[in-house]
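Asks: Sequence:
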Amino acid sequence: MSDTWLEDDNKTRIYTLRELDNLRRDGLTRGKLVDFHSRYKLILLAHSQPEYRQIGPFVAAMADWPSLDAFFDAYRERLEKLLAHPSTRQNHTNVLMHVQGYFREHLNAQQKQELTTLIDDYRLGKEPLLAPLNLLKHYLTEFPDAYLSGQRYFTGWPQALDE
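Numbering of the sequence shown is given in full-length UniProt numbering, commencing with residue 1 and proceeding in unit increments.
It is worth saying that the hints were derived from the structure and are not from the lab. Note that beta-carbon positions come from the ideal geometry of N, C-alpha and C, so glycine has one too. Careful, some of the hints might be misleading.
To be verified - Derived DEER-like restraints, expressed as beta-carbon distance ranges:
#1 Asp35 x Asn10: 20 to 26 Å
#2 Asp120 x Glu77: 20 to 26 Å
#3 Glu114 x Gly31: 36 to 42 Å
#4 Asp21 x Ala131: 16 to 22 Å
Stated by the list, open to error - In silico lysine-lysine, DSSO-like type, Cα no more than 30 Å apart, as pairs:
#5 Lys81 x Lys137
#6 Lys32 x Lys112
#7 Lys32 x Lys11
#8 Lys81 x Lys41
#9 Lys32 x Lys126
#10 Lys137 x Lys126
#11 Lys41 x Lys137
#12 Lys137 x Lys112
#13 Lys81 x Lys11
#14 Lys32 x Lys137
#15 Lys126 x Lys11
#16 Lys41 x Lys112
#17 Lys81 x Lys112
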């Protein structure tokens, strides 16, 4: 992996944990925590598919915890561990293919082929991640989807982290 890739992972980790910590600071609720987790699903999937599959049921069992603060601490620890795994080209490819499925009903054959080719070229290292991401963002403006629009995978981190 390139240094840029690792830099991006580090910024993603910092921003994700900062946003999570702000939830606690601003008044933690179960609903806010579930919303947070939902916004980060694709990012988590890009980092570790096995841990992604474990953290979902963990969040679903939040109500079983005696205290929201105790759950928060355990969730933050799991999230930090998950984000410590570098994102991989294979995992990003899986995320891109998953997102592609959301547009299946909207795209014509040529658009589907263009997106499939771009994702495959990314998988093979012929294109940067931004190439299929930008096309998916374009389709997201053309065919809005509330779930995808809320995904941090498409919005990244604030410019302030670059400084």
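Asks: Look at each hint and say if it fits the structure.
Replies: Okay, the hints, checked on the actual structure:
no. : hint                       : verdict
1   : Asp35 x Asn10: 20 to 26 Å  : holds, 24 Å
2   : Asp120 x Glu77: 20 to 26 Å : violated, 36 Å
3   : Glu114 x Gly31: 36 to 42 Å : holds, 39 Å
4   : Asp21 x Ala131: 16 to 22 Å : violated, 33 Å
5   : Lys81 x Lys137             : holds, 29 Å
6   : Lys32 x Lys112             : violated, 35 Å
7   : Lys32 x Lys11              : holds, 22 Å
8   : Lys81 x Lys41              : holds, 15 Å
9   : Lys32 x Lys126             : violated, 39 Å
10  : Lys137 x Lys126            : holds, 20 Å
11  : Lys41 x Lys137             : holds, 17 Å
12  : Lys137 x Lys112            : holds, 14 Å
13  : Lys81 x Lys11              : holds, 15 Å
14  : Lys32 x Lys137             : holds, 25 Å
15  : Lys126 x Lys11             : holds, 24 Å
16  : Lys41 x Lys112             : holds, 24 Å
17  : Lys81 x Lys112             : violated, 35 Å
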